[in-house]
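Asks: Residues per chain, in single letters:
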Amino acid sequence: MRKNNQTYDVVIIGAGISGLVCGCYLARAGMKVLVAEQHFKPGGYCTSFKRHGYAFDAAADCFGGYRKGGTTRKILSELGMDTKIDIVRPDPTNIIITPDYRIFFWIDLDKTVKELQTAFPDEKNSLEKFFHYANDPYSASFVSVKSWTFKKLLDHYFTNEKLKAILSIPLLAVGGLPPSRMSAFIGIKLYSEFLIDGGYYPKGGMQVLSNAFAETLQIMGGELRLSCLVKKIKVHNNSITGVILEKGGFTPSKYVISNCDARQTFLKLLGKDKLPEDFYLTLKNLIPSVSNFILYAGMDQSFDPPVNTGAALFYSDHYDMDKAYLGAQKGDIEKYGGYALRIADDKSTINAIIPAPYKSKRYWQANKHKFLNRLLERITQYSIPDLTQHIVFAEGATPATLYRYTLNYKGASYGWAGTPSQLALPDFKKPSFMKGLYLTGHWTTLGIGISGAAYVGYDTARLILRQEKIMKHL
Amino acid sequence: MDDILKEEIISIISDVSGFDVEEITLDTNFYTELEVDSIKAIEITVAIEKKFKISVRDEDVPNITTVRQAIETVEKLLTEEKADEKK
Chain A
0 MRKNNQTYDV VIIGAGISGL VCGCYLARAG MKVLVAEQHF KPGGYCTSFK
50 RHGYAFDAAA DCFGGYRKGG TTRKILSELG MDTKIDIVRP DPTNIIITPD
100 YRIFFWIDLD KTVKELQTAF PDEKNSLEKF FHYANDPYSA SFVSVKSWTF
150 KKLLDHYFTN EKLKAILSIP LLAVGGLPPS RMSAFIGIKL YSEFLIDGGY
200 YPKGGMQVLS NAFAETLQIM GGELRLSCLV KKIKVHNNSI TGVILEKGGF
250 TPSKYVISNC DARQTFLKLL GKDKLPEDFY LTLKNLIPSV SNFILYAGMD
300 QSFDPPVNTG AALFYSDHYD MDKAYLGAQK GDIEKYGGYA LRIADDKSTI
350 NAIIPAPYKS KRYWQANKHK FLNRLLERIT QYSIPDLTQH IVFAEGATPA
400 TLYRYTLNYK GASYGWAGTP SQLALPDFKK PSFMKGLYLT GHWTTLGIGI
450 SGAAYVGYDT ARLILRQEKI MKHL
Chain B
0 MDDILKEEII SIISDVSGFD VEEITLDTNF YTELEVDSIK AIEITVAIEK
50 KFKISVRDED VPNITTVRQA IETVEKLLTE EKADEKK
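Quick mapping for you: the protein sequence lines, in order, are chains A and B.
Following numbering that gives the first Met the number 0, the residues of the first sequence are numbered contiguously, the last one being 473.
Following numbering that gives the first Met the number 0, the residues of the second sequence are numbered contiguously, the last one being 86.
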């Protein structure tokens, strides 16, 4: 064990967006912060990589909450990052395609609503009301749907079943649940912060955003260590004393903030013996969100796709979201019936993503290529007829890949599944049984997506600053 | 008003909002004074529901704006529950 280890005010486990945001705010307020990340680059699901000269976003491929007063904008501007990153936004930002409809989400929401009203004249007034409701990211009235499913919310506004399915297709793709299971609160937040106010992209790739946070953390006086695995959270008398790093041994700290997955935080890093019995039972019974299969393809120079570049395209060949969800859980691409697709602005690459089950490493070794080819066939069939002629190379990331890079439980993409009963669970942000321990990020059951993760990171920092009575930066 | 109940509820509000127990009085407004937003309002509600094993009606939550109203809502729900048990 290395001697003379430094003492920190805060050790943050994991340099996901939430951990980075939290670290930036705490360091800015003068606290001594270490962010320890097991991967060799910062960002968690917000990273990019290069293959054969092509650049790809690993998982997240845009962000939301960047309108005036939006969470992400507020954070980037407070940390002085908004001027350092060039943020672009395609128009349309999202497109939903089914056998009968082609629905565009424009930057101009009125235009979006008008087009939807033309497509669904019987729901004219309801569409107006729904989007008016969803367009306020801070609406306290979202609280009144806290135990609702998104299906109940849709039923509250609409009667047309096809419209309800269409409004749910992107949520299954970016939230991993059908409306019958998704919390209405999560669903409406995805609308207000992702579909209505989404599609923002840091020029150069998502890694640019994560790197900018990492750089800001260091400018503020914080420390980031990459390829630095945390082995244990050390405790004395129900109070945090520090962490044990794989390389570096015991590192004392007053606070530990875990931005890694909650099961790992509690069961592996802390240990079952440190958990109250009822909390352990709750933890054991929680359901993680789905994982994803992601396709990355490099295209030749003559590739000229017949669909919009830059925008997220959500395709589904049917309207039964429960069937789609079951298909996703079984790894049945046909039953799932859809995909989310994005063609880079410069047409050099495409990313496609579908929910997928975790399964064993062996399963994915045997099925990865089958999955990849089937997905390519379907994109060819429904969106880009000459796709295969232009592919230079294609590669897939499986749930096992997502696990390997992030250590998220079962490669889960969105933390715990966003059902009404798993929303805002006590003790998943600030466990009452362990002084000095906080969680941040989407495993806190408080928010998903980059803007959700960023919000929780900001909020966790504020809780600690209040605790420390450091008020000047609140 | 039950003092223990009051203390327990204020402690939950303090944990979620980050404001000290001393800063929170009966007339403190969640939204204007404790920076509570929709997700924090849900956090507080769920924490109170689990702690007291009650269920607050969703549509009532936005109308609860002060600490006093929160405590009164919990008291009312607990009384109703007791009355139900006696039936």
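Among the clues, some could well be false.
[As the list claims (entries may be wrong)] For lysine-lysine, the following DSSO-like pairs were computed, each having C-alpha atoms within a straight-line distance of at most 30 Å:
no., chain 1, residue 1, chain 2, residue 2
1, A, Lys233, A, Lys73
2, A, Lys151, B, Lys52
3, A, Lys233, B, Lys81
4, A, Lys246, A, Lys202
5, A, Lys267, B, Lys50
[To be verified] Listing some non-contacts, in silico: residues in chain B with all C-beta distances to chain A over 12 Å:
no., residue
6, Leu4
7, Ile11
8, Thr24
9, Leu25
10, Lys39
11, Ala46
12, Lys75
Hints were generated in silico from the structure; no laboratory data involved.
Positions of the beta carbon are idealized from the N, C-alpha and C atoms, including for glycine.
Asks: Compare the structure with each hint and give your call.
Replies: How the hints compare with the structure:
1. Lys233/A - Lys73/A: violated, 35 Å
2. Lys151/A - Lys52/B: The hint holds at about 24 Å.
3. Lys233/A - Lys81/B: Answer violated: Lys233/A to Lys81/B is near 43 Å, above 30 Å.
4. Lys246/A - Lys202/A: Violated, at roughly 35 Å.
5. Lys267/A - Lys50/B: Since the Cα atoms of Lys267/A and Lys50/B sit roughly 27 Å apart, the hinted pair holds (cutoff 30 Å).
6. Leu4: Label holds. Min Cβ-Cβ 17 Å, cutoff 12 Å.
7. Ile11: violated, 8 Å
8. Thr24: Given a closest Cβ separation of 17 Å, the condition holds.
9. Leu25: holds, 20 Å
10. Lys39: violated, 8 Å
11. Ala46: violated, 4 Å
12. Lys75: holds, 18 Å
The structure does not agree with the numbered hints 1, 3, 4, 7, 10 and 11 stated previously, though it agrees with the rest.
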